[in-house]
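Visitor: Work out the full structure: start from the sequences and follow the hints.
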Amino acid sequence: MDKNEFTELLKGYQKNYEGINCDEVYFLAKEAMKYIGDSDPAIRDNLVYPYIEHVIKEGLLKPEEIKELSATCLENITLKSRKFDDGIFCRTFSMLVIAAIVNYHRKNPIFSLSELEGMFNRVIDSYQSDFDVRGYINKKGWAHGAAHGADALMQFAMLREANTEMLLKILCALQKKAAISYYGYIHNEDDRMARAAVAVIKRKMISDGKIFSWLQRFRIKKEKSYSHIIRKNNIRGFLSCLYFRLYNESRFENYNQEIAKIIISNN
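Each residue of the sequence shown is one higher than the last, beginning at 1 in the working numbering.
For the record, the hints were derived by calculation from the structure and aren't laboratory data. Each hint should be verified, as a subset may be incorrect.
[Said to hold, decoys possible] Straight line, CA to CA, 20 Å or less: simulated EDC-like cross-link-like pairs of lysine to aspartate or glutamate:
hint, residue 1, residue 2
1, K62, D23
2, K176, D125
3, K139, D45
4, K67, D23
5, K67, E31
6, K11, E64
[Unchecked claim] Okay, the calculated beta carbon distance ranges per label pair:
hint, residue 1, residue 2, range
7, K221, N108, 45 to 51 Å
8, E5, K204, 48 to 54 Å
9, E5, K261, 56 to 62 Å
10, K204, C172, 36 to 42 Å
11, D2, I137, 43 to 49 Å
12, E115, K57, 15 to 21 Å
13, E115, Y247, 35 to 41 Å
14, P63, E8, 27 to 33 Å
The beta-carbon is built from N, C-alpha and C at its ideal position, and this holds for glycine as well.
Guide: Pasting the structure below:
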């Protein structure tokens, strides 16, 4: 089935996924994964990803089929070149599929602990090594690497199987991504990353001391350079989002006091 045939077929089902024959659900999911990184947002954003997310969320796939999709996604997120090219779409939308898969597992466990750990390590490695953090790309739509990866990390943070080491790795990855100096976040990436950090903090599995130590990594020395301005603004955006996501819970007031001090100190 070529791309035109597939997209026309999926368009026909778009408003009534229930009309798909149960024997075709996985076949169409595998076909959809071939175009998860298509540079046309009408295909990628509006057809392919919504279908894959739907069949995962609604439990229309067998456990072994979900595992096969996860294997494809893990291969897709492996960084194969250090270029700003259209490969970013395949990586970041595969991250969203992983987020949907982990979310499904949280409610309907299908993975072993070792499988989850292997998946997590691949995701965290990809998130930390992928330098292409472009948000919205003109005519091609959302790439949103920092945000989509954070969505996947948030799902891992909420796993009952998550341990302290895993949660600390998530915080470390978010800190590094939030504090980059070569790209200024303008497409809500800061809030998506903050949301993942809050998911870690709310587990209450990490000591106050380690949370405070993590926050100190956002302190920066004053410099007169363009890259410093970008880093300062990125950090301020992330910490501000984190502050307001913690604001209504008195148990996190001590964290917010420190966050405010860091924002003021960096200005």
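Visitor: Are the hints correct? Go through all of them and say.
Guide: Now for the hints, and whether the structure bears them out:
A C-alpha spacing of about 11 Å is found between K62 and D23, which places the hinted pair at or below 20 Å, so the restraint holds. Restraint check: the Cα-Cα separation between K176 and D125 comes to about 12 Å, which is no more than 20 Å; the hinted pair holds. The hinted pair formed by K139 and D45 meets the criterion: a straight-line CA distance of about 13 Å does not exceed 20 Å. At most 20 Å may separate the alpha-carbon atoms for a hinted pair to count; K67 and D23 meet this at roughly 18 Å.
A C-alpha spacing of about 16 Å is found between K67 and E31, which places the hinted pair at or below 20 Å, so the restraint holds. Distance check on the hinted pair: K11 and E64 sit about 27 Å apart at the alpha-carbon level, beyond 20 Å; violated. Distance hint check: the CB atoms of K221 and N108 are about 48 Å apart, consistent with the given range 45 to 51 Å. At about 51 Å, the beta-carbon gap between E5 and K204 stays in the expected band of 48 to 54 Å.
Checked against the hint of 56 to 62 Å, the C-beta distance between E5 and K261 comes to roughly 59 Å, which is consistent with it. Between K204 and C172 the beta carbons are some 18 Å apart, a value that contradicts the proposed interval 36 to 42 Å. Evaluation of the 43 to 49 Å hint for D2 and I137 yields a failure: the beta carbon distance comes to about 25 Å. Checked against the given bound of 15 to 21 Å, the beta carbons of E115 and K57, roughly 20 Å apart, stay inside it.
Checked against the given bound of 35 to 41 Å, the beta carbons of E115 and Y247, roughly 37 Å apart, stay inside it. Taking the beta carbon of each, P63 and E8 are about 30 Å apart, inside 27 to 33 Å as hinted.
The structure shown violates the earlier hints numbered 6, 10, 11.
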